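Chemist: Listed below are the residues making up each chain.
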Amino acid sequence: MTTRFSCRPSKLLGITPIPDLLDKRLVFVTGKGGVGKTTVAVALGMRAAEAGKRTIVCEVSSQENASRIFDHTEVGFHEVEMAENLWSISIDPDESMREYVLLQLKVRAMRDMLFRSRIFSYLAAATPGLKELVTIGKIWELAQLDRRVKKGRKYDLVIVDAPATGHGIGFLQTPRTFAAIARVGPIHSQAQQLDRLITDHEHTGTAIVALPEEMPVNESAALERELRSEVGVAVDRIYLNGLYPERFTKEEIERLAALADGENGIVRAAARAATSEHDRARSQRAQLARLRRRVEAPVKTLPFLFEPELGVEAARTLARRLG
Amino acid sequence: MPAVDKILEGKDICICAGSGGVGKTTTSAAIATGMAARGLRVCVLTIDPAKRLADSLGLRELGNEASQVDPALFEQHGIEMKGELWAMMLDAKATFDELVARQAPDEESRDRVLNNRIYQQISNALAGSQEYMAMEKLFELHTEGRFDLLVLDTPPTRNALDFLDAPRRLTQFIEGRSLRFFMKPTGLAARVAGRGASVALSVFKRIVGFDLLADLAEFFNAFSGMVDGFQARAKRVNNLLADPHTCFLVVCGPQGEPIDEAVYFHRKLVEAKLPFGGVIVNKVHYPAERLRGDGADPEAALAAKLGAEDLARRVAENFADYQTLAERDARNIEHLAAELRTRGVIRVPYLDEDVHDLGGLDEINRYLFASSEQREAIAAGRA
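Residue numbers (this note's numbering), protein chains in the order written: chain V, 37 to 359; chain B, 5 to 387.
Bear in mind the hints are in silico, worked out from the structure with no lab data behind them. Bear in mind that the values here come from a model prediction, so they are computed numbers and not experimental data. A couple of the hints might just be wrong.
[As the list claims (entries may be wrong)] Rough simulated footprint, nothing fancy, chain V against chain B, three-plus residues with beta-carbon under 8 Å:
hint, region
1, 23-35
2, 252-263
3, 304-317
4, 348-362
All residues carry an ideal CB built from backbone N, CA and C; glycine is no exception.
Build the full structure now, drawing on both the sequences and the hints.
Modeler: Take a look at the structure:
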């Protein structure tokens, strides 16, 4: 399958410039587990909301990490306002399936029968990829200017905190795979429609979140490659999260070396912490350079935040640093 | 607070479990190396390790077979190796194919399954199949009995629960008894289930498209001869997991979220009556507690020693930031220990460099295999 939208030609030719990440209608934030995806997704949402865009951050793992950042009670399958212009929803596949059926079937008696039927829920659970498909279907629905859901709010931007799967691309690949399995029928055409949405580079953007360590750097480079070749998605940006500041020069660390080996106590501990910070910051910069060499998308760095828990303030700090 | 070698005494299997991004692969490799160094023949089963870690263990060309890590490598890193370290990278798809080949009554039914698109979907992408295949390989190696200890690095699951649930869910799907039952439009199914089921089925067909259902039917037909074999095997795999010679170690990081997940995962293990051995917290900022309350002003003390106020201020600031993280880690670990009602929390510090070779694994093992005296010394910053 060829990539329909690629970053490069437009950049080179200077025609139809690709809108900035936050000028898109839909942004997927992806990456491996434990890299701070949710915080970055929320920070992007804050940034867009502050710019006056009505924004919703969608979670798909039912872990409610976003509402946790806001110290909010669980939002569930509801669009809940977290801050001015900023909304949040946790997309549950069962609820999405239900909503999909409601929108598909106009006859009430038939819907009721379907929801009561065990065989229906069994089939829905057993069909590979169906849960992911209806989840993406709900994301599509949220991104519509003319919402299908009654009295649905219109959003300028939908940000998705995409699941961290073993393979990374699995989730975004679902519509394409599904369109291939179900050759006919409404699901087939809808899967194709969703695939078009995901690969529509004018309206849909993708950001990868990475950490400045060996393994996450390798995985992010592989993820970018696979998204391009397997899903036809060009990554817009890679956020390298948790970068330590360069606080000390090499000469200063040499001066501190004697103290770090000195007698026990607070001076030695502080000198050791400085040496350790210096080593970390240096190895992280080597990883940053490796990442830049290995990927095509622009890499932006986000600072490590020396805070006990990453809550709403941390997300705000990161929002200011997002470019 | 026992060391890993004490926890694993008399165990055949060690399963490292936890959410993604907490250093599970590295921990598994370190435990396997440490146990092998102590004289056991150990095999570590890992999925998609960092390339440099794979290289350092000589795993570059590995397929779905165990191979021995060259003993010369340990010597190069100054590690005394009394046993043998073997390693393999799991290929979930290949394992699934092998399993089908073993269970199929003949070549024709084997090929019908392997070529079925639903099967290809499941074996590649269905949530849980990677986990299930990890268990399957574990079972196979355990049955062969070639190793004293198997260390399994579980796949990164979105939800810790998936992993425990995987064998059951997958066999349920493959078994598909109720599904196959309902897919016959006539006969018993129609009579028992009545009109409701057939209407539901026709609506479902309308929604997903007929061909998908036909593929499913074909898949279940092709699989029907293997269902019993799969079920029996899944049961034995489950028994193996619950065996007292199996040990689950929960691996996590010191931040709030991974700690909560570790607590949750431990609860699931207990509920499932699976043998919990202990918890390992990686990337911990410590020591901190010993330096609290001695009343010293680090900035003044540093300025006196360094004779440079600006540098002293920055070193003190950095130290304060570090202390914030160290205090957070200590608090979170205390919470973890209380929730798990255990004192068996093993802490591995946040090292200055990424771990990607045997030297790094050996460094980690100073903590994993430390005696309580050594641990004391480390905590006091003396080691």
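Chemist: Now tell me if each hint is right for this structure.
Modeler: Hints versus structure:
1. Judged by the Cβ-Cβ criterion of 8 Å, the region 23-35 of chain B is covered by chain V as claimed, because 5 of its residues qualify and three suffice.
2. Counting residues of the region 252-263 of chain B whose beta carbon lies closer than 8 Å to any beta carbon of chain V gives 5, which meets the minimum of three for the stated coverage.
3. Given as covered by chain V, the region 304-317 of chain B passes the check, having 6 residues with a CB less than 8 Å from a CB of that chain where 3 are the minimum.
4. Chain V is given as covering the region 348-362 of chain B, and this holds because 4 residues of the stretch bring a CB closer than 8 Å to a CB of that chain, at least three being needed.
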